[in-house]
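I would like the entire structure built from these sequences, with the hints used as guidance.
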Amino acid sequence: MNLQRRLALAITLVAVGLGAGHFVQSRSAGPAAIAGKAQPQPIKIEQLAAEADLPAPSALPAASLPTDAKPAATAPATSVAPASTASACPEQLELMADENAMIGITLSAPCRADQRVVLKHAGLAVTARTTANGALFIDLPALEVKAKVELAFPDGEKISAAIDMPDAAAVQRFGVQWLDADAFQVHAFENGADYGQPGHVSAAAPQRPAPGMKAQSGFLSLIGDASVDLPMLAEIYTFPANGGAEVVVEAAVTEDTCGHELLGETISAIGGQVAINELTLAMPECAATGDIVVLKNIVPAMKLAAR
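All letters in the sequence shown, in the order written, are residues 1 to 307 by full-length UniProt numbering.
Just so you know, the hints here were simulated from the structure itself, not pulled from any lab data.
This one's a predicted model, so the numbers in the text were calculated from it and none came from an experiment.
Check the hints yourself; a few may be wrong.
With a cut-off of at most 30 angstroms between alpha-carbon atoms, the simulated DSBU-like pairs for lysine-lysine come out as follows [what the hints assert, rightly or not]: (1) Lys158 x Lys120; (2) Lys148 x Lys120; (3) Lys158 x Lys148; (4) Lys120 x Lys146; (5) Lys296 x Lys158; (6) Lys214 x Lys120; (7) Lys158 x Lys146; (8) Lys146 x Lys214; (9) Lys148 x Lys214.
As structure tokens, this is what we get:
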């Protein structure tokens, strides 16, 4: 099943553009090397053939990163459901501009208890689940200055709201999104760090700042609820203010992924401009189960002018 069809089943957007050219390696992994867990120091590195005919992603424009900038005071944006449903069961979506260019999302939908919800923002599409009271509390990394967030419900109804996110103009982000078992992992190595060392940012050590606190380094946002049907998940890395980080994308060779072609999308955002590219990776056969495929040079050239 191709990516477009699979994402259509999950109520998401059609992929835009071609896959980014990349350099592929494989490394051995211990028993703990599975999606969402810490990755060990590579024992063996072996270069694999990559798709040479794919064009490299174009560079995104530079952006200035203020070191001590505070989020602009932005009034929360609120949206209510269409009149057809509002009278019988009111629904309200509220957005807040949080620290580190994060969008705080609050949904109140009493008649939508324990439902699968698809959140969309600037090409990012992930799943979530409402509470037993029909509420949802989640945050997303802002990818655009004029940020719009849309929530889609299983019955096809949608609710959306928009908010100004001026801090997104001074942030650069890179991530990967995928559907179901086609899992990818983002790893960032700050200040020359190696696997497992301080400065190695991953799902096992995301370095997310405390709520309301300004980030002192890069951090990783793990987005999406894997417990719903056809889960749509993403990992988005926010670069540190000095831009000093090497970022790679990994995919674990598991019983679910071996011998298959993984499909996903890369997301790059700098200065509030977003680029999305389809990502296709042919996984090794099942004899390589336990290994990890490492994609290097997949992050677009991002020029940074810190001040």
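Status of the hints after comparison with the structure:
no.	hint	verdict
1	Lys158 x Lys120	holds (11 angstroms)
2	Lys148 x Lys120	holds (8 angstroms)
3	Lys158 x Lys148	holds (13 angstroms)
4	Lys120 x Lys146	holds (14 angstroms)
5	Lys296 x Lys158	violated (38 angstroms)
6	Lys214 x Lys120	holds (25 angstroms)
7	Lys158 x Lys146	holds (19 angstroms)
8	Lys146 x Lys214	holds (21 angstroms)
9	Lys148 x Lys214	holds (23 angstroms)
Of the numbered hints listed earlier, the single one contradicted by the structure is hint 5.
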